[in-house]
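Chains as they are written, first to last, in the working numbering: chain A, 1 to 105; chain B, 1 to 105; chain C, 1 to 105; chain D, 1 to 105.
Hints are not guaranteed to be accurate.
Unchecked claim - Below, simulated BS3-like cross-link-like pairs (lysine-lysine); rule was C-alpha separation at most 25 Å, straight line:
#1 C:K5 / D:K31
#2 D:K62 / D:K5
#3 C:K62 / A:K31
#4 B:K96 / A:K5
#5 A:K62 / D:K62
#6 C:K31 / A:K89
#7 B:K89 / D:K31
#8 C:K5 / D:K62
#9 B:K62 / C:K89
#10 D:K89 / B:K31
#11 B:K89 / A:K89
#12 C:K89 / A:K31
#13 A:K5 / A:K89
What the hints assert, rightly or not - To be clear about the criterion: a stretch of chain C counts as covered by chain B if any three or more of its residues have a C-beta under 8 Å from a C-beta of chain B, and this derived list gives those stretches:
#14 20-34
#15 70-77
#16 82-93
Hint data in this document are derived by calculation from the structure and do not stem from the laboratory.
Values in this document were obtained by computation on a predicted structure and should not be read as measured data.
For each residue, glycine too, the CB sits at the ideal point set by N, CA and C.
Number of protein chains: 4
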Amino acid sequence: MDQQKFLEILNECATSCDNCYNACLEEENVKMMSNCIRLDRECAEICRYLASAISRNSPFIKEIATLCSQICTACANECRQHEHDHCQKCADICMKCSEACNELL
Amino acid sequence: MDQQKFLEILNECATSCDNCYNACLEEENVKMMSNCIRLDRECAEICRYLASAISRNSPFIKEIATLCSQICTACANECRQHEHDHCQKCADICMKCSEACNELL
Amino acid sequence: MDQQKFLEILNECATSCDNCYNACLEEENVKMMSNCIRLDRECAEICRYLASAISRNSPFIKEIATLCSQICTACANECRQHEHDHCQKCADICMKCSEACNELL
Amino acid sequence: MDQQKFLEILNECATSCDNCYNACLEEENVKMMSNCIRLDRECAEICRYLASAISRNSPFIKEIATLCSQICTACANECRQHEHDHCQKCADICMKCSEACNELL
Numbered sequence: 001m002d003q004q005k006f007l008e009i010l011n012e013c014a015t016s017c018d019n020c021y022n023a024c025l026e027e028e029n030v031k032m033m034s035n036c037i038r039l040d041r042e043c044a045e046i047c048r049y050l051a052s053a054i055s056r057n058s059p060f061i062k063e064i065a066t067l068c069s070q071i072c073t074a075c076a077n078e079c080r081q082h083e084h085d086h087c088q089k090c091a092d093i094c095m096k097c098s099e100a101c102n103e104l105l
Numbered sequence: 001m002d003q004q005k006f007l008e009i010l011n012e013c014a015t016s017c018d019n020c021y022n023a024c025l026e027e028e029n030v031k032m033m034s035n036c037i038r039l040d041r042e043c044a045e046i047c048r049y050l051a052s053a054i055s056r057n058s059p060f061i062k063e064i065a066t067l068c069s070q071i072c073t074a075c076a077n078e079c080r081q082h083e084h085d086h087c088q089k090c091a092d093i094c095m096k097c098s099e100a101c102n103e104l105l
Numbered sequence: 001m002d003q004q005k006f007l008e009i010l011n012e013c014a015t016s017c018d019n020c021y022n023a024c025l026e027e028e029n030v031k032m033m034s035n036c037i038r039l040d041r042e043c044a045e046i047c048r049y050l051a052s053a054i055s056r057n058s059p060f061i062k063e064i065a066t067l068c069s070q071i072c073t074a075c076a077n078e079c080r081q082h083e084h085d086h087c088q089k090c091a092d093i094c095m096k097c098s099e100a101c102n103e104l105l
Numbered sequence: 001m002d003q004q005k006f007l008e009i010l011n012e013c014a015t016s017c018d019n020c021y022n023a024c025l026e027e028e029n030v031k032m033m034s035n036c037i038r039l040d041r042e043c044a045e046i047c048r049y050l051a052s053a054i055s056r057n058s059p060f061i062k063e064i065a066t067l068c069s070q071i072c073t074a075c076a077n078e079c080r081q082h083e084h085d086h087c088q089k090c091a092d093i094c095m096k097c098s099e100a101c102n103e104l105l
């Protein structure tokens, strides 16, 4: 995968996680979404952190990508358990992003 | 401008600034680039901050966009003074991003 | 106020907001806390952003401090409405931090 | 080590790295400092990232602390090679912070 494509996936995942975070906080049953809210924030932050690390040629890209892949997988697994469209869509993108990280490694 | 297009510009600007930061640090005459290195970092950070704020529906989007527009303009003005391709390209994208922020406001 | 004292307040406020964010997500009635969760995240992020800007001698310290003061006040006002200890404590620290920002300006 | 003490060390290290970054960019011979500038930014960011992760009770504290310890050590090793007071001071704090991360692990 070329670098530009990978950055697009990371940014798409960060956006999707922040969108899901916002939507979860507006759900009727917020309590049920509390772990999803947490993981959405974790995942959005690590994806932007990795996107910046790649763009600035950080010496720690592989280590950050390893962590990013792990957090994306955890977020995908949580989102997958909820029926909301924003969660299912987020789960798909998080899995794609986790796989893109693994491809880099 | 629709939100997805705006997010693409913000992410493109953040990437461009981090690329320019990295390239400046590898130039023969780093001293001449010190202010560009500073502003590239400032600009990359505020663009990602605003992208996240928009995606999570922050109550402070307009205030952050006002600051982002100002930092993008300062970074564009600095980059414009240097002949390196990475600086000229970064200046173009920073100006486009500053204008996109102003359009939102 | 000297710079070190101001940085301590910013870091204390960021920690307090992240603590409150975590505690809100563990409350029985999470729905009632959704706006507090949002503002805690907003406030933690801007406080760390300003702490870094000050430490790296950013050219935009005043503009970031203006925004930080505003977000701290909004977070304090939200936290003040909730009886939980973590919210009341957070409201106190956010107000102190907002005032420290204003003192800088 | 209790959590509050650990957070103080992380924040002290982030501040010290951003101070060193700023001072390096103002040195007469910036080229010689380019790797120090890079690592100061890397280290400041991961320290604030870990401080936030701890404060919000992230499920990934250990993984982030592992990365933080590694980046602190790399930054300490780079800073140690330069005679400037800001570099020597930063090297000391980065080593202390790396050890505090290891103590957590």
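Hint check, failures only: 1, 3, 8, 9, 11, 14, 16
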